[in-house]
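Student: Below are the chains, spelled out letter by letter.
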Amino acid sequence: MPDILIGVHAALGELAILASLWVFVELLNPSQERVKRAKIGAIAIVVFLFASWVAGGTYYVNTYGPSVKPIIKAGPQPWAHAIFTETKEHVFLFLPFMSILLLAIISRYGAAMLKDRSMQYAALALSLAIFLIALSMVGMGYVISTGVRAGLEAGAV
Amino acid sequence: MRISTRGIGYSAIATMVLITLLTIGGELSEPFKTSLASLTGHHWVSKGVLSLVAFAVLSAVLGAALKEEGNIRKTSYIVSASAIVLAAVIFGFFVFEFFA
Numbered sequence: 001m002p003d004i005l006i007g008v009h010a011a012l013g014e015l016a017i018l019a020s021l022w023v024f025v026e027l028l029n030p031s032q033e034r035v036k037r038a039k040i041g042a043i044a045i046v047v048f049l050f051a052s053w054v055a056g057g058t059y060y061v062n063t064y065g066p067s068v069k070p071i072i073k074a075g076p077q078p079w080a081h082a083i084f085t086e087t088k089e090h091v092f093l094f095l096p097f098m099s100i101l102l103l104a105i106i107s108r109y110g111a112a113m114l115k116d117r118s119m120q121y122a123a124l125a126l127s128l129a130i131f132l133i134a135l136s137m138v139g140m141g142y143v144i145s146t147g148v149r150a151g152l153e154a155g156a157v
Numbered sequence: 001m002r003i004s005t006r007g008i009g010y011s012a013i014a015t016m017v018l019i020t021l022l023t024i025g026g027e028l029s030e031p032f033k034t035s036l037a038s039l040t041g042h043h044w045v046s047k048g049v050l051s052l053v054a055f056a057v058l059s060a061v062l063g064a065a066l067k068e069e070g071n072i073r074k075t076s077y078i079v080s081a082s083a084i085v086l087a088a089v090i091f092g093f094f095v096f097e098f099f100a
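As given, the protein sequences belong to chains A and B, one line each in that order.
This note's numbering numbers the first residue of the first sequence as 1 and each following residue consecutively.
This note's numbering numbers the first residue of the second sequence as 1 and each following residue consecutively.
Hints in this document: simulated from the structure, not taken from any laboratory.
Certain hints may be false.
[Claimed, not checked] Calculated lysine-lysine pairs in the DSS-like style (CA-CA distance at most 30 Å, straight line):
1) A/Lys115 / A/Lys39
2) A/Lys39 / B/Lys33
3) A/Lys115 / B/Lys74
4) A/Lys115 / A/Lys36
5) B/Lys33 / A/Lys115
6) A/Lys36 / B/Lys74
7) B/Lys67 / A/Lys115
8) A/Lys36 / B/Lys33
9) B/Lys74 / A/Lys73
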């Protein structure tokens with residue numbers, strides 16, 4: 001049976017993606033109410049990303065490394081680990097820090113966004129970058145899953 | 001002490017550069033990777049802990065040193081672009097390493 005932590009990690013990551021899209025949409029045409037909701041969304045991104053980091057990290061260290069990685073490496077798609085897991089596990093580490101900056105910008109300049117478009121663009125750019133990088137995590141997760149499946153089908157372990 | 005937003009932004013950039021250097025350095029040097037692993041028991045956990053510590057320390061230092069006033073939009077654009085470029089560097093490195 002698959003480890004539940006991988007599902008928790010994926011779910012939390014997807015909630016962070018949805019929250020980053022939410023923040024982006026709220027700030028496209030900011031009003032006082034929308035900025036207030038964007039701040040809630042930015043807090044949600046931080047919380048979901050850190051929780052996803054803990055869940056994914058625990059799974060990665062305790063389950064993926066000892067049990068899953070050998071299957072991928074011995075299977076027909078070893079690049080799924082060598083390229084995609086390696087990239088995913090390191091690029092993911094960027095996201096929590098970007099999310100803290102986004103929260104700081106919205107917290108401090110939320111009111112200014114109603115008059116100053118440069119503050120609005122600052123938050124829009126960052127929420128979009130978080131959304132795109134986090135979305136790429138989902139794609140890489142899919143590729144890694146195909147690597148495991150291919151390894152199991154080939155009877156790699 | 002109030003930490004400036006620009007300080008947080010530049011700390012995020014420095015932390016992402018650190019993560020990239022630790023990642024590539026660990027792949028190019030086995031002793032370095034082993035020393036990273038010896039800190040916490042796993043090289044990836046060590047990278048995470050080091051990045052958290054670096055971000056906290058840099059945010060305190062740069063956040064106090066840099067004034068709040070400044071071009072926040074520029075800071076945000078640089079952070080966003082840095083993240084995408086550094087992610088591409090890490091991906092490119094592992095593609096090269098796999099096929100080399």
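Student: Each of the hints needs a verdict: does it hold here or not?
Tutor: Going down the list of hints, with the structure as the test:
no.	hint	result
1	A/Lys115 / A/Lys39	holds, 17 Å
2	A/Lys39 / B/Lys33	violated, 39 Å
3	A/Lys115 / B/Lys74	holds, 18 Å
4	A/Lys115 / A/Lys36	holds, 15 Å
5	B/Lys33 / A/Lys115	violated, 49 Å
6	A/Lys36 / B/Lys74	holds, 23 Å
7	B/Lys67 / A/Lys115	holds, 21 Å
8	A/Lys36 / B/Lys33	violated, 44 Å
9	B/Lys74 / A/Lys73	violated, 43 Å
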